[in-house]
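Residue numbers (this note's numbering), protein chains in the order written: chain A, 1 to 508; chain B, 1 to 508; chain C, 1 to 508; chain D, 1 to 508.
Heads up, a few of these hints could be off.
Same chains, same names: a pair is fine if it fits in one copy or spans any two.
[Said to hold, decoys possible] Listed next, the in silico EDC-like pairs over lysine to aspartate or glutamate satisfying Cα-Cα at most 20 Å (straight line):
#1 K243 to D164
#2 K155 to D412
#3 K65 to E119
#4 K155 to E314
#5 K243 to E469
#6 K155 to E206
#7 K155 to E194
#8 K155 to D312
In short, the hints are calculated from the structure, not lab data.
One letter stands for each residue in the lines below.
4 protein chains.
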Amino acid sequence: MDAAQYRDSLRGYAPRVFVEGQAVACVADEPLLAPGINGIGVCYDFAHRPEHAVLMTARQGTSGKTVNRMTHIDETSTDLLYKLEAVRLLCRESGCAQRYLVHDAANGLFQATRRADLEHGTDYHARFLNYLHGVQERDLTFAICMTDAKGDRSKRPGQQANADCYVHISERRPDGIVIRGTKAIVTGAPYVHELMVMPCRTMVPEDAAFAVCCAVPVDAEGVTIVSRRAGRPGEAAAKFSAKYGQSVAAVIFDDVFVPWDRVFMAGETEEAGFLTTSYATHHRHSCIAARAGFGDLLIGAGALMIEANGLDPERHGHIRDTMVDLIKIVEGFFACGVAASVYGAKDPSGNIMPDAVFSNIGKLLLATQIYDMHRLAHTVSGGLVVALPGPDEDHNPETAASLAAVLGGRPDIPSSQRAEVARFIEDLTVSNQAGWYSVISLHGGGSPEAMKREIWRNYPVAEKAAVVERLLDRGLLDEGRRVSKQPGRCCATGCDVPEPAALPVAAE
Amino acid sequence: MDAAQYRDSLRGYAPRVFVEGQAVACVADEPLLAPGINGIGVCYDFAHRPEHAVLMTARQGTSGKTVNRMTHIDETSTDLLYKLEAVRLLCRESGCAQRYLVHDAANGLFQATRRADLEHGTDYHARFLNYLHGVQERDLTFAICMTDAKGDRSKRPGQQANADCYVHISERRPDGIVIRGTKAIVTGAPYVHELMVMPCRTMVPEDAAFAVCCAVPVDAEGVTIVSRRAGRPGEAAAKFSAKYGQSVAAVIFDDVFVPWDRVFMAGETEEAGFLTTSYATHHRHSCIAARAGFGDLLIGAGALMIEANGLDPERHGHIRDTMVDLIKIVEGFFACGVAASVYGAKDPSGNIMPDAVFSNIGKLLLATQIYDMHRLAHTVSGGLVVALPGPDEDHNPETAASLAAVLGGRPDIPSSQRAEVARFIEDLTVSNQAGWYSVISLHGGGSPEAMKREIWRNYPVAEKAAVVERLLDRGLLDEGRRVSKQPGRCCATGCDVPEPAALPVAAE
Amino acid sequence: MDAAQYRDSLRGYAPRVFVEGQAVACVADEPLLAPGINGIGVCYDFAHRPEHAVLMTARQGTSGKTVNRMTHIDETSTDLLYKLEAVRLLCRESGCAQRYLVHDAANGLFQATRRADLEHGTDYHARFLNYLHGVQERDLTFAICMTDAKGDRSKRPGQQANADCYVHISERRPDGIVIRGTKAIVTGAPYVHELMVMPCRTMVPEDAAFAVCCAVPVDAEGVTIVSRRAGRPGEAAAKFSAKYGQSVAAVIFDDVFVPWDRVFMAGETEEAGFLTTSYATHHRHSCIAARAGFGDLLIGAGALMIEANGLDPERHGHIRDTMVDLIKIVEGFFACGVAASVYGAKDPSGNIMPDAVFSNIGKLLLATQIYDMHRLAHTVSGGLVVALPGPDEDHNPETAASLAAVLGGRPDIPSSQRAEVARFIEDLTVSNQAGWYSVISLHGGGSPEAMKREIWRNYPVAEKAAVVERLLDRGLLDEGRRVSKQPGRCCATGCDVPEPAALPVAAE
Amino acid sequence: MDAAQYRDSLRGYAPRVFVEGQAVACVADEPLLAPGINGIGVCYDFAHRPEHAVLMTARQGTSGKTVNRMTHIDETSTDLLYKLEAVRLLCRESGCAQRYLVHDAANGLFQATRRADLEHGTDYHARFLNYLHGVQERDLTFAICMTDAKGDRSKRPGQQANADCYVHISERRPDGIVIRGTKAIVTGAPYVHELMVMPCRTMVPEDAAFAVCCAVPVDAEGVTIVSRRAGRPGEAAAKFSAKYGQSVAAVIFDDVFVPWDRVFMAGETEEAGFLTTSYATHHRHSCIAARAGFGDLLIGAGALMIEANGLDPERHGHIRDTMVDLIKIVEGFFACGVAASVYGAKDPSGNIMPDAVFSNIGKLLLATQIYDMHRLAHTVSGGLVVALPGPDEDHNPETAASLAAVLGGRPDIPSSQRAEVARFIEDLTVSNQAGWYSVISLHGGGSPEAMKREIWRNYPVAEKAAVVERLLDRGLLDEGRRVSKQPGRCCATGCDVPEPAALPVAAE
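Throw the hints in and build the complete structure from the sequences for me.
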């Protein structure tokens with residue numbers, strides 16, 4: 001499908017959607033959702049452009065068919081790297097491509113269903129693969145329903161006074177399961193074809209009813225979507241986010257029936273936790289690319305603003321310095337995504353996981369530095385972003401001309417063009433959209449604390465300690481050492497023996 | 001006046017104001033300006049509260065009368081410290097009190113007019129004092145028209161193709177002057193009594209027409225005000241800025257006549273530069289307190305959010321750590337304001353200047369760290385800020401109840417109360433108001449680069465170099481050394497002889 | 001006493017001292033200790049200089065006598081500020097004046113003995129005052145024996161397998177107590193007159209034997225001092241620390257008898273904890289000034305190096321920027337010391353405590369930023385610090401001349417002078433002395449984590465939360481709120497009612 | 001050769017070496033140089049270990065022979081990655097492997113000689129290749145003589161009063177050239193076989209005599225080496241650097257004759273500048289790996305110290321947090337090295353250059369963050385580093401036993417073992433060696449400012465600006481835009497068209 005066909009395909013669904021308190025009659029025509037639909041549309045359109053074919057499409061190994069990379073199961077380091085590049089490419093066009101979530105979930109599910117099958121003798125993997133092939137074939141998009149409402153954070157799912165704080169299996173039937181509960185922060189929920197319900201945390205056996213993963217059509221009976229608008233539709237000052245944006249929604253599942261062929265986990269608490277983690281690793285890797293694409297927009301807009309202000313980075317050292325700081329941040333965390341690709345680890349299921357340490361470091365760096373990116377963009381752009389009257393004044397016959405006469409910078413660049421860049425930067429770094437990007441960068445895919453714990457959990461600290469002990473001519477400490485529970489895997493990050501899997505994978 | 005009287009007093013003026021392209025009939029009744037009027041109102045109301053009298057009022061030395069501290073001329077370190085406290089107090093109530101700009105300009109003018117008189121034999125100082133006493137007497141507020149539109153940044157005012165890029169004297173008459181040109185970023189312009197036109201940069205003799213400072217009634221003939229709305233009036237989600245905010249406007253002076261008794265500088269380019277700098281030093285000192293008040297709101301809201309989420313900073317170390325980081329930033333830059341007060345320098349005109357080094361460091365720290373403050377507030381508040389549906393959903397009968405049932409945190413705190421704090425934080429750190437606070441913190445009162453240059457210009461580097469030379473048993477280098485042009489003033493920051501002026505001033 | 005008399009006075013003592021494994025026959029003549037003795041000597045000499053009298057001496061209120069400020073009990077904010085200035089002045093001469101520890105301990109003891117007396121009916125306060133007056137009269141210096149060896153950090157003092165890990169009362173006799181155990185990190189131990197034994201942590205009643213504070217002559221029977229050398233005595237490259245340095249020692253108390261008039265706490269575990277905290281607050285306040293003095297040396301040396309390299313900060317923006325960063329750090333944390341002085345809190349005992357929040361923030365900032373100070377000093381000084389051959393080459397007839405010919409920078413500054421500054425910077429930022437300054441800045445007076453906990457413990461979080469609740473038009477939460485245990489003290493940092501005690505104290 | 005053979009091979013040379021003012025009779029036996037020889041020795045030994053063969057050896061394409069990777073010409077991304085891994089492996093054993101400089105220079109020369117030949121019709125490339133094959137064959141090590149003494153930094157080489165400030169051609173003869181002048185900061189100079197003289201800056205045609213590159217045997221007539229000691233030989237406290245270290249020397253060329261077959265550039269100023277840059281890019285890439293190896297040692301030692309102190313990172317969140325910060329820094333800059341490998345660019349000469357943007361960002365990150373690494377290591381290790389008496393006390397019969405009894409931490413780890421780790425950390429982060437590592441990390445391979453300019457020069461800013469212009473529906477600005485001189489190369493970091501060269505290179 002291309003973007004137009006994708007949009008039209010939404011007419012085939014009749015989800016129950018509220019946007020800002022109002023019921024939506026037709027998602028495909030709803031102006032408040034249009035920027036979100038446009039954003040996903042880029043994922044469709046770019047796959048048809050010959051110059052992007054290498055990045056935007058891939059050959060799905062299990063089916064032999066060429067699919068959109070946003071639905072692909074990665075097999076090599078090169079796949080990981082191409083996905084990274086593809087997401088950056090999409091996000092520097094659309095701000096947030098959204099559809100990479102399909103990729104992240106598909107890869108996590110590919111691994112977790114195999115693991116569950118091995119442990120429990122289930123057939124989730126085949127079921128999921130069957131489902132995935134259908135999604136690829138019909139070029140569908142699904143939204144990820146992961147973050148539960150959670151309720152009292154000091155209690156586990158099974159202990160909540162109100163069980164609906166977490167989506168759970170309320171009934172098991174011969175033909176399927178019934179689920180209920182509420183998921184929050186569902187990106188793009190109103191304008192996708194399917195909802196993928198996934199667990200969001202580690203669980204104990206008592207939480208079995210909450211260890212549920214399944215696919216639900218967006219207009220299944222019992223589903224209600226409560227969404228914010230996507231971007232800043234219709235706002236004249238929104239140079240970017242009037243066109244592209246994303247909706248975030250809460251999704252209420254009120255006893256929704258799901259047939260077994262759409263159920264990919266139902267009670268396996270251990271594997272539910274693994275699914276959460278493996279999805280998160282793929283997703284954090286994708287986030288790195290997404291925010292690097294956002295960084296490209298800031299770098300480009302900053303350069304245009306400097307130019308319109310009549311300044312020259314060669315001569316004004318502090319301007320150049322600020323731009324270099326911005327570049328350093330963006331390429332610095334992007335490099336972590338590249339390293340995570342190169343050091344990707346083969347999963348027993350056959351796909352490849354980006355390295356967890358590098359993925360989490362990259363995500364942590366972008367999460368905390370998105371704020372610095374705003375600061376640097378503001379620094380180079382100067383005060384015009386606040387000095388500029390709103391766009392309504394552009395058409396005020398009593399003031400527009402005299403303001404235009406004095407608000408130019410460099411004489412060969414019209415003041416309207418200067419104003420346009422200033423508003424573009426305002427849109428990306430000052431508006432409420434900018435604020436949302438910040439919070440989503442910080443907390444999306446897990447809080448900074450979650451990232452830090454994951455880095456610690458995966459880092460081969462014991463192996464590094466062993467190097468020092470050897471240098472101190474000591475016998476190595478016994479296995480029971482407390483410094484790290486991580487078994488001394490000889491990781492490729494500075495290991496004694498190069499991991500054979502690492503580069504041959506890249507070299508395929 | 002109290003807040004209500006101040007608002008009513010605006011009915012006595014008929015300024016030509018456009019807000020977002022629409023002419024405003026009555027400023028006092030304009031909903032889009034109400035948050036700005038409320039903000040300034042706090043400066044009036046608090047002066048009537050007995051518990052704030054020490055901070056909010058002061059005895060003006062030149063008249064012997066008790067005046068609002070926001071219009072006071074400082075005489076001692078204690079004055080500076082009380083102003084600092086007063087501004088913090090006002091801004092943690094109103095976000096931005098705005099009226100401290102009157103203080104900053106009045107003190108800068110007090111110094112610069114005296115200096116001009118000494119050099120040129122003018123009588124600006126008496127004129128200004130006469131004007132100021134009137135302002136104090138009638139408890140008026142004026143807005144500062146400082147930042148010019150500027151045009152081509154590579155050219156001085158006198159070189160611009162379009163002279164209107166800088167406000168200038170277009171005609172000198174026996175009874176006064178005529179000014180024209182456009183000023184940008186004028187805080188509070190629509191809802192003040194007077195506009196104070198001031199120069200914004202250093203100048204050379206050829207720029208004499210641009211070295212102009214004068215007071216103009218807000219509704220003087222030829223004045224047009226093009227303003228943005230103040231805050232987020234009428235928005236349900238705007239828990240704070242629906243009530244308090246600030247307008248920023250461009251002000252067009254289209255041949256406005258100003259009689260001589262309202263003209264405080266007219267052609268003295270050297271002193272115009274001094275006025276810009278001395279105003280800036282007072283203003284940066286005030287900014288420190290303003291943003292510390294904003295910090296108080298973030299700290300308080302963060303604490304409430306943690307509580308509503310059911311978390312305990314004593315047990316969750318990373319939450320406590322984040323709060324401490326936030327406190328460290330806020331009190332860290334506030335401390336620079338305190339030090340600038342203690343080391344204030346007596347001006348020959350009789351008032352006191354906050355120390356330039358500490359004032360600029362404090363402003364620089366807040367300018368760059370406002371972004372970190374947002375990050376830390378987002379970190380402690382968690383994902384609810386993005387998970388929460390908009391306020392319109394609160395009244396959607398089809399979804400409100402089921403969402404309320406699951407979006408609570410701690411059982412003893414209603415979900416509506418939790419939502420309210422989340423929206424308060426969203427308003428302060430995510431909305432476009434939050435973005436504006438960032439940019440204004442960064443560029444208001446001068447860019448970071450301007451602050452750095454001012455720190456360097458004022459720091460006694462030569463004196464520190466001399467200490468090291470003595471330790472190296474060397475003869476001191478001659479006066480011509482390049483390391484600093486700063487004459488070796490024995491500043492109180494680590495000086496050999498404690499500056500006699502410093503603490504006796506505080507001790508008065 | 002002046003520095004020479006102080007040094008001679010050490011001949012009156014015969015402590016058992018080992019330096020680097022060798023017994024020291026005469027401390028006053030030991031070259032390895034000379035830099036430490038020189039450092040303390042500055043505290044004596046400067047008190048005799050008329051230009052420093054205001055800072056370096058003070059009138060002790062309890063005796064009416066003029067004493068060295070390093071032994072003074074503070075009574076006003078001005079006292080705190082003058083101590084801050086005095087310590088900065090001393091440390092920019094000597095690197096580390098050491099004797100301010102006497103001040104910090106004396107003030108902590110002044111408070112804690114009074115508190116113990118009120119609680120337990122003891123007479124520690126009078127005893128201590130009597131002792132202190134003697135110290136002031138004879139102008140003595142004592143070292144602080146605080147940090148215990150500690151042993152297993154997971155156990156309290158009373159639980160240790162080896163009780164000697166903490167100094168404790170091993171016997172109570174009618175005429176006094178007997179103490180044993182080992183203290184570590186005792187600054188200046190070999191070359192002081194007295195050792196002040198103090199507890200280093202909070203304790204429970206079972207730890208009573210460890211709640212001991214007493215004064216012991218440095219050569220008391222049973223005392224052994226195991227010391228490192230002070231600075232870098234005799235090293236040609238040590239441009240600064242061959243002259244000034246500090247010794248850090250372990251002190252072993254092997255059943256040392258202490259008569260009752262030298263015992264200031266013996267079993268009062270609650271007040272022992274208070275003593276630790278109040279000492280720490282005074283000490284952290286002093287540390288701020290000490291490291292600001294160190295910062296002065298870096299700023300001065302950096303300026304000389306830039307000059308010798310032939311660079312001009314006015315023209316080379318990145319050099320100026322780096323110097324401003326260095327200034328920003330140094331004056332930024334010094335400002336916290338100033339604010340802690342202004343907001344000092346009167347103690348019931350009659351002296352004044354620097355504000356705990358500002359003191360801890362200042363110490364935390366210097367602790368973590370000393371590393372940045374090194375980085376910035378290295379950045380401005382360029383590569384000469386590593387390019388320069390060692391000082392032995394200066395006298396190598398085969399190479400000295402040809403190296404001198406090419407290692408100059410600016411033609412009017414001899415290469416020897418350039419080399420001298422480079423070695424000065426190397427001494428302060430590259431040598432093992434530099435490394436020690438880093439670690440002592442980080443951990444001295446408590447680890448960063450200890451500072452953070454103290455900031456949290458003392459910050460009026462509840463008061464800030466109350467402001468927000470009021471703005472949200474809510475009833476205030478009840479007292480039991482978890483956000484902070486801090487009773488809502490109305491601190492002066494942004495308080496509703498200005499603390500009456502604050503500035504009148506400064507004004508005395 | 002293995003390490004022993006390498007050491008013995010040094011006996012075949014008789015260089016004129018002074019270490020700290022004393023002539024060295026036999027380099028191979030000089031204790032003050034032993035740690036440096038050990039360090040290079042690791043590069044030889046590891047190449048013989050089967051488990052390191054993949055990383056430590058490579059097949060030189062121009063000769064078909066297997067060579068030590070430290071002398072290899074890279075042909076693929078995999079080569080770059082393996083070099084990166086190899087350098088990290090070597091440096092986490094030896095601190096600084098030194099010999100990677102051979103690699104960096106060889107690759108730079110490979111490119112620059114080809115470029116010079118194409119431009120000037122010279123035969124430098126063949127000459128150099130012939131020389132290199134000899135070096136590889138005989139497994140030699142050469143030192144890089146790059147940084148000139150420089151003299152007055154405001155003048156170019158050809159303008160210096162004393163021409164010897166830069167090494168230059170003093171005479172051209174039929175059989176070769178004569179060079180004179182002094183090079184500074186030559187790593188490992190005394191204990192290598194050859195000295196490689198290279199230019200260190202951009203030049204103009206008038207500087208032709210200074211555009212010289214040639215190889216000189218270490219004991220050529222007229223060469224004098226003035227060296228510092230390597231590491232901390234013979235110091236009991238130097239747990240690491242008594243064994244491994246590096247010498248830095250000044251090398252005086254006093255009319256040294258070099259035959260033509262050892263001359264690789266002689267007057268080609270344009271290509272001399274290119275050689276400096278291409279060497280620098282390879283070298284910065286290597287530096288990333290070197291300091292990552294150093295980071296491994298800090299991480300490992302930190303873990304051991306935590307363990308010996310009896311702390312558990314799982315329970316003590318701030319300890320875990322600090323370790324994660326350390327890991328984040330080390331792997332964060334290492335990732336830039338990986339990305340620079342993946343996006344390496346084929347040079348027309350046939351080898352591959354690491355991407356300049358990523359290489360410079362990685363180097364810049366490590367240069368500025370080495371100080372943070374020290375801070376974090378100090379934070380986790382606690383105060384023992386300063387509390388511990390020196391190693392001489394270990395053998396003091398009067399104190400050793402009682403100190404050992406109290407200086408243990410966890411009961412199952414002997415206090416001697418705890419002390420050993422503390423001294424290891426002291427050696428790496430507190431000693432003068434630690435200081436040297438800092439300065440060399442900061443300035444080695446160019447100052448931070450040099451890195452920033454290189455990032456700016458190489459970044460495709462114009463291409464990013466074009467993306468934004470397209471989004472703003474504008475015609476693209478013309479070529480003359482000032483924002484960047486960089487031709488809009490379609491780099492692989494977020495490009496529209498994936499660079500065909502990028503991954504196929506990795507895949508070879």
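- Message: When the structure is checked against the list of hints, which entries are broken? Sort them ascending.
- Response: 1, 3 and 7
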